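Engineer: Chain by chain, the residues run as shown.
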Amino acid sequence: MSNFVSEFGRSADPRHATLPCFPYVQAPLKGRSLLQLRINRPEPDAPSVSIGVGLQHPPDDPCSPGTDNSSERHPTMSDRRNLFNKVWDLHEVGTLPSGQPQLFIGQHLIHEVTSPQAFEILREKGLKVLFPERTLATVDHIIPTDNQARPFQDDLAEEMMSAIERNCRDFGITLLNLNDDRQGVVHIVGPEQGITQPGITLVCGDSHTSTHGAFGCIALGIGTSQVAHVLATQSLAMNRPKVRRIEVTGERNPGVFAKDVILHIIRKLGVQGGVGYAYEYAGSVFDEMTMEERMTVCNMSIEGGARCGYVNPDQTTIDYIRGRPFAPQGEAFDRAAQWWLSLASSDDAEFDDHVTIDGAEIEPTVTWGINPGQSVGVTESIPDPEQFHADERTGAEEALQFMGLDPNQPIRGLSIDVAFIGSCTNGRLSDLREAAAVAKGNRVSDGVRALVVPGSQQVRKQAEHEGLDKIFEEAGFEWRAAGCSMCLAMNPDKLVGREISASSSNRNFKGRQGSPTGRTLLMSPAMVAAAAINGCVTDVREMMTPVSV
Amino acid sequence: MAEEIKQVNGSVVPLLLDDIDTDRIIPARYLRCVTFEGLGEHAFKDDREHDSEHPFDHPHYSSASILLTGRNFGCGSSREHAPQSLMRWGIQAIIGESFAEIFFGNCTSLGIPAVCAERAHLDQLHQAVKDNPSQELTLDLHNRQIHFGEISVPCEIPASAHSALTTGQWDFLSQLLSAQEDIQATAEKIPYMSNFSA
Ligand code: SF4
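Listed in order, the protein sequences are those of chains V and P. One point on numbering: in this note's numbering, the residue at position 427 of the first sequence is 427, and numbering is uninterrupted. Every position in the second sequence, counted from 1, becomes a number in this note's numbering once 1000 is added.
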C-alpha cells in the first residue's frame, strides 16, 4: 500500500484514512452486503470533515503515485503505475509557482455554452490560441431539434450561435456547425470522429467529458476560466486525483444495460463517493462491453462524484478507432495501437483504492429521487427514508416530497408523461437500436409524449439507414435532429409543470429538464421505450424476447 | 499577481442543505448568454420562486458575503456560471461540509475560498447566524480558522488552493503562460503530438 495517500497527509495507514464517501453512502443499507468492499472503511470516529477536494499530491510527497515512479527509477522492473498515472506523468509540464501541477492538454473540445466568455478573456488580454488545430468546436446545447432554421426563434440562442461562429472564425478553430454532417453532442462527436484516443488528455467545458475516458484517456470537465487557459496555453493547473479501481465481476444478466451498471455503481458508492478520485472501471463486465457501452458508464462518472472515469484500452478500443477520420492511418496506426495497449494498467498495477461489485446482482435500475444515487432495481420498492443513515434522511425525504412519491411504493407501474431517448449518455446508435427493439410493433401509450433524439447527425443518418426512424415513428415517437434536447433546459424541448419523464439522460436534479417542478426518472433507453409503451415504469425484461447466447 | 486572500470578513447567508447542484444554483435557461454579467440576480432563481422564505431573498441576509452550506455543494454541471452568479450576488467565500471538485476549482480560479468545516461546527454556526444575522464572520484563511462572535472553529482547504489564494497566485493564466518553453518541450515528447512518427 505504499501508494496510499491519506486525505490530509495525516497518516499513510489506510485504516485511518479519511474516505469522504463512506459516512454518506447513498444506497439503502440492505444492498450493501452484496458489495464486497475491499476498501478502507473509516473508523466510526474517523474525522467527519469530508474535504471533497483533497487532491493533494504535493510534488515532494513520497507517497504520491505520480512521484513513486518505480519504473523510471528501475527500468528493469515492470511498470506498476496504473493507466491514469502513466498518462498523467507523460503530460505533466511542471509545477506552477502556486504549487499545482501544470498538465498538458492534448485535445480540447468546445461548445456554445461555456466558451464565449473564455474567448472574451483572450480578447481582453490580447492572447492567441496556442494550438488551434487541437481544439474542435461543435454546437449542441441550445439548438432546437425540430425547426433549425436560422435565425433561431430564441434570440439568446441565436446570439450564442453567432458568438461561437465568430470566435471560431477569429481564432482559427474548426467548427462542426449545423450544416456539417459531423455535428452533434460534443461527447458523441469526439469518439465518432476518432478524435478521442487512448493516452491523450482531453478536456471540455462540460462535466460529461468523462465520457471519453472509455478509450483509456484522461478526460476532464472544466470551467470557463480553464477553457481560456487551455485555449491560450494548451495546459491547465490541476491537482492529480487518486485512482480507485472499480471491478465489476461475473456477467450481466439479460436486460441489464450499461446504464444500469453505472446507476448501480453510483447507488452503491454514493453521489459523492468518487470525490477526490478518478475511477478505473475494470473486470469481466467491462471487458465484454462495446465502446458505446463503456462510454455510457464513463459518462456518468461525474454523477458519482469522480473527477473522471476510464476503461483500459484493449482490442475492442483499437477496432473501434481504426479507420475513423481523425485517427492515425496506415503504419502510424499500428504504432499508435501498440502504444495504446502498453498504457493499460497491468495486473499488478497499484491503486489508491479498490471496490469489487458482482455483475450478477445488477438489475435494470430506475431513479426515484433528485440525485442519480437515489435509485432502485425495477423490482424493488421506493425506500423508506427511515432506513437511511441519519444524515441522508433529510435528503431522501426532500426527494420523495419533490417527486410526490411514497415510501415502500413499488417503482414498477409508476405513471409517466414524457419519454426521452437521447443525450450524451444514451444517444448513440446501439442505444437507439436497443430502444427500437422494444418499440417495434408497439404503440406509445395515450397521453405520453415520446421523443427520440439522436446524439449526432451521424447517428441519425445511420439509424435512418437501418430504418430505426420508421420503427419509432410508427410506434408514435417523434424523431428529431441531433442535440442535447431534453437532457437540459436550454432549448425548446422541456418538461411542462409537474410532468414526470422517463429519461435516458444523466441527471434527475430538480428543474433539470426545464420545468422547475418537473420530475425525472433515469433509466436505460430500452427501459424508457418500455415505459413509453406501457405509460408507466416497466421491467423491460418482460418485453424482451429471450435470445440464446 | 492577483490579490492575496488571507482573510474574508462579512455577514453570512445560511443555506445548510446537502447536494446542492449547479442546476439549482443557476438554472440552465440563464446560461443562454455570452457574458457572465447580470447572473447575480438569477442565483437560486427556481428555489427562490418556490420558497418565499429563501435566505437569498430574506432582507436579513441581503448584504451577506459568506455562504454557509452543507455537503457536496456545487455538484453536477461544470458551469462556471454557478460560482459567477454567487460572486455577482455578493458571495466572497463559501463554508461547507464538502464541495464538488469542478465547482471548487472554478471558485479557486475566481478567488473565492471554499473551505470545509465539520458538520457539528456548521450546525453551531448555522444556529448562531440565525440568532444574529447582522454579526460579521471572519474567515481567517491564513490560519484556517472561522470566528463568529464567541465561536471559533477550524476549517480545511487543500494545501495547493490555500497557498494559491493566500499568496495571490490564483490567477493561473499568467502562471501557465510563463511556462511556454516547458509546454513546447512536453508536447514534443508525447507520441500523438507528432502523429506517431517513427
Ligand atoms: S446531452 Fe446533456 S449532459 Fe450531455 S452535453 Fe448535452 S446537456 Fe450535457
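A couple of the hints might just be wrong.
[To be verified] Chain P stretches covered by chain V per the calculated footprint, using a threshold of three residues with CB under 8 Å from any CB of chain V:
#, segment
1, 1018-1030
2, 1055-1069
3, 1073-1079
4, 1091-1101
5, 1189-1197
Since the hints were derived computationally from the structure, they do not count as laboratory data. All figures in this text were calculated on a predicted structure; none of them were measured in a lab. Heads up, the beta-carbon is just placed ideally off N, CA and C, and yes, glycines get one too.
Engineer: Does each hint hold? Answer for all of them.
Structural biologist: Cross-check of the supplied hints:
Counting residues of the segment 1018-1030 of chain P whose CB falls under 8 Å from any CB of chain V gives 8; the rule of at least 3 is met. Judged by the Cβ-Cβ criterion of 8 Å, the segment 1055-1069 of chain P is not covered by chain V as claimed, because only 0 of its residues qualify and three are needed. Closer than 8 Å: that is the beta-carbon criterion, and the segment 1073-1079 of chain P has 5 residues meeting it against chain V, so the requirement of 3 holds. Counting residues of the segment 1091-1101 of chain P whose beta carbon lies closer than 8 Å to any beta carbon of chain V gives 5, which meets the minimum of three for the stated coverage.
Here the segment 1189-1197 of chain P counts 8 residues with a CB under 8 Å from a CB of chain V, which clears the bar of 3, and the coverage holds.
When the structure is compared with the earlier hints, a violation turns up for hint 2 alone.
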